[in-house]
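Chains as they are written, first to last, in the numbering used here: chain A, 1 to 115; chain B, 1 to 113.
By construction, these hints were calculated from the structure, which means they are not laboratory data. Each statement offered as a hint is correct.
A short list of chain B residues far from chain A (calculated; beta carbon distances all over 12 angstroms):
| no. | residue |
| --- | --- |
| 1 | Ile12 |
| 2 | Gln17 |
| 3 | Val19 |
| 4 | Trp22 |
| 5 | Arg64 |
| 6 | Lys83 |
Taking lysine-lysine pairs in the DSBU-like style, the calculated list, with each CA pair at most 35 angstroms apart, reads:
| no. | chain 1 | residue 1 | chain 2 | residue 2 |
| --- | --- | --- | --- | --- |
| 7 | B | Lys11 | A | Lys42 |
| 8 | A | Lys2 | B | Lys44 |
| 9 | A | Lys42 | B | Lys71 |
| 10 | A | Lys70 | B | Lys62 |
| 11 | A | Lys102 | A | Lys2 |
C-beta: ideal position from N, C-alpha, C; glycine also.
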Amino acid sequence: QKEVEQDPGPLSVPEGAIVSLNCTYSNSAFQYFMWYRQYSRKGPELLMYTYSSGNKEDGRFTAQVDKSSKYISLFIRDSQPSDSATYLCAMSANAGGTSYGKLTFGQGTILTVHP
Amino acid sequence: EAGVAQSPRYKIIEKRQSVAFWCNPISGHATLYWYQQILGQGPKLLIQFQNNGVVDDSQLPKDRFSAERLKGVDSTLKIQPAKLEDSAVYLCASSLGIKETQYFGPGTRLLVL
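Please model the complete structure; the sequences and the hints are all you need to start from.
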């Protein structure tokens with residue numbers, strides 16, 4: 001079993017739709033949860049960052065973490081064609097030593113928002 | 001502020017050949033990472049440096065991969081000899097410190113024939 005599982009999609013939605021992206025994980029040591037956006041032929045860029053459980057909102061983006069279920073989500077409201085990209089969830093543990101700061105990524109969800 | 005620079009952007013080699021990738025992190029960033037991203041998968045950490053010391057290389061195939069970060073700035077990742085399964089995008093990232101946000105470069109796309 002992979003430490004982080006992410007539905008690869010692909011996901012195709014019309015402009016203006018609400019998009020829900022999800023990841024599940026098995027390592028209970030994960031404390032930091034991130035969403036990265038990766039455009040074609042580019043490196044990933046950090047979109048959202050959350051520590052422990054709860055919600056975080058930034059403009060059209062909302063990140064949710066449910067540690068009891070080992071489940072995280074990213075919601076995109078009023079989706080735009082410019083949101084078309086691969087979305088990667090990533091997690092790291094709050095532990096010392098070599099695991100500190102190490103990111104474990106999901107496999108990514110390919111999202112296309114069509115006009 | 002300049003981002004993470006990587007070169008070359010693309011490389012095509014035959015199996016059993018050697019190849020090297022170069023990374024220049026954001027100025028002042030002490031931590032540098034090399035990731036391997038196979039098509040359809042998320043990035044996998046190969047090696048992490050703190051200044052010029054290795055923090056984590058547990059997933060680096062050391063029989064064929066090597067990396068160095070001399071003087072704690074630029075870094076090179078080498079594969080020798082390359083295998084078909086090494087075809088991937090090699091991403092370099094840097095951060096101010098180990099628990100800080102990682103900024104990724106555009107990657108080097110490697111195709112091994």
